[in-house]
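Asks: Letter by letter, the chains look like this.
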Amino acid sequence: MSNIPQELRFTKSHEWIRREEDDTLTIGITDHAQALLGDLVFVDIPEVGEECAVGDDVAVVESVKAASDVYAPITGEIAAVNEKLADTPELLNQDPYGDGWIFKIKPADENDYDGLMDADAYQEIIAEDES
Amino acid sequence: MPFIPHTEAEVRAMLATIGVESIEDLFDEIPADLRSSGLKQVPDGLSEMDISRLMHTRADQDSRTLCFAGAGAYEHHIPAAVWEITTRGEFYSAYTPYQAEASQGTLQLLYEYQTMMTRLTGMDVSNASLYDGASALAEAVLMAVRANRKSRTKRILMPRTVHPAYRKVAHTIVHNQGIVLEELDYDPQGGHIDPASLPTDPGDATALVIPQPNFFGVLEDVHALTDWAHQHNMLVIAVVNPVSLAILTPPGEWGERGADIVCGDGQPLGVPLASGGPYFGFMCCRQDYVRQMPGRIIGRTTDLEGKSGFTLTLQAREQHIRRSKATSNICTNQGLLVTAATIHMALLGSRGLERVAAASHANTVALSDKLAALDGVHKVFARPGFHEAVFRFDLPIEDILRALSAQSIVGGVMLMDDYPELGNCLLVRATETKTVADLETYVSSLQRISERLQAKASPVQPKMM
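For the protein sequence lines, the chains are A and B, in the order given. At position 112 of the first sequence the residue is numbered 112 (our numbering), and the sequence of numbers has no breaks. At position 327 of the second sequence the residue is numbered 327 (our numbering), and the sequence of numbers has no breaks.
One chain only, chain A, in its complex shape:
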């Protein structure tokens, strides 16, 4: 059973989203996703200031057996990226919801956050995967 923090939002493509106090959104990939990928060897992070539309492939996570796109869950601008992933991509495996965050978005429309899936809905999706 993978870890699904209740206070976060999620996407079908296994990204998690946390709303920060300054209304930026921190995004990473879920415990379920990192377990499926295996040991991560490289994370291709976006540039700060890049504009992205919802659904754009914004980052790439590469493991020993696969390379997967990470999608922007919301339209906005990249506000920050986790530089530590360049040297220690394994942070994503070890602490996917904490130190393994990938990038932060400043949303174009703050209300878009409310449309994102909650923890229970995500739980159902991966229950199908895990069964």
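Note that these hints are calculated values from the structure, not bench results. A virtual CB, placed ideally from N, CA and C, is assigned to each residue, including glycine. Be careful, since some hints might not be right.
Computed far set for chain A versus chain B, every beta-carbon distance over 12 angstroms [what the hints assert, rightly or not]:
1) Pro5
2) Glu7
3) Glu21
4) Ala33
5) Asp44
6) Pro46
7) Ala53
8) Gly55
9) Glu77
10) Gln94
11) Tyr97
12) Ala108
13) Asp109
14) Asp118
15) Gln123
16) Glu128
List time: in silico DSSO-like cross-link candidates among lysine-lysine, alpha-carbon distance up to 30 angstroms [said to hold, decoys possible]:
17) B:Lys325 - B:Lys150
18) A:Lys12 - A:Lys106
19) B:Lys150 - B:Lys168
20) B:Lys168 - B:Lys40
21) B:Lys168 - B:Lys154
22) A:Lys12 - A:Lys84
23) A:Lys65 - B:Lys325
24) B:Lys325 - B:Lys154
25) A:Lys104 - B:Lys154
26) A:Lys12 - A:Lys65
27) A:Lys104 - A:Lys84
28) B:Lys325 - A:Lys12
29) A:Lys104 - A:Lys12
30) B:Lys150 - A:Lys106
31) A:Lys84 - B:Lys325
32) A:Lys65 - B:Lys307
33) B:Lys150 - A:Lys84
34) A:Lys106 - B:Lys154
35) A:Lys104 - B:Lys325
36) B:Lys325 - A:Lys106
37) B:Lys325 - B:Lys168
38) B:Lys150 - A:Lys104
Here the structure of chain A is known, so what remains is to put chain B in place on it, guided by the hints.
Replies: Relative to the frame of chain A, chain B by itself:
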């Protein structure tokens, strides 16, 4: 198609099993507007007997000539041992080394090839080869667009001194991706891209391509060009002759930071001219960009027992993993030619390669001096070159070349089609394969031909009794 083992009955049985009417139906996923309408310019096939005869005739045309033509493919001596070893069954029939445990021999050789190329070019990483120099340049352009995150425009500055065939191939491959190849014109005196003529504000451009030597054989001012490009946030793509690197400054040491991507054709390293191919392309880059580099990359690692071994690495860039997001659609390399090139470089060593380069340069200088001394022949560009030079002739080049070929001499390559402004010019090269006697033969034949052609043009003809 005589080599497909299935009979018509077997094909029908297979189609019936999967419930499909015809083979054509298996392709119905491809939209009608994307389908090819057939290869109209390709003539009908020939029988094995006819093709064999045609190829023998063609081969005869190319053999036993004294060749002074270069333009991207160069005649160098290949020690007999090179192809003796390359054609051994173990190397000759080795295929794709996806299964590392069964391919250590091939992988080790490719790793050594990569090592040699990085040493020659002064770069950090090399791939295991591409198809040829022209497509290698196209791949380098695509790579620069991916790697240069600071640039938004996909403008590539492409000097006219880059090989015309390379520029055409690059255009074919990249233009549908919205990449624009902007031409930079050359200085008519020097035959190079004059750094002083470059704009002080070129705007947002992704990369500058720098050939060395360039298509005319002339040496570019690589340090000034590299620094200019880097000052304006462009990546530098070097297109180089691998033999010349034995005596010229390698691209890794150009300007302050060195070139970012290096590519070219590896034919001069142990691959015969073979009427135009196959050759192989090489590509090297800085460590920062390795994940954007296409093609196979061999790495060295240790196995579970701690023993050293070789394997394909960084495969997540390749299309068998990333599919449409891969760095390239290439899924192979020119393994056999790379084998020959690696053995060639190993046999020659760095000093041997230096001597080949120096002898080629010296012979071209000697030939240039002799040619420039002839009436009606003029050296076009003032700047120093590697092993090729451009000459303008007063008499029509086609007539001269035809007359030379009647003497089994290939005089050089005409430039008029790609450089109409140069007019009646020839690109001539001499490598270490030419003796003093060879140069004399060329020059004296040229002299006799010129006299004969001029006599023909004379208005007073002797009456024949």
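Asks: Going back to the hint list, which numbers does this structure go against?
Replies: 5 and 6
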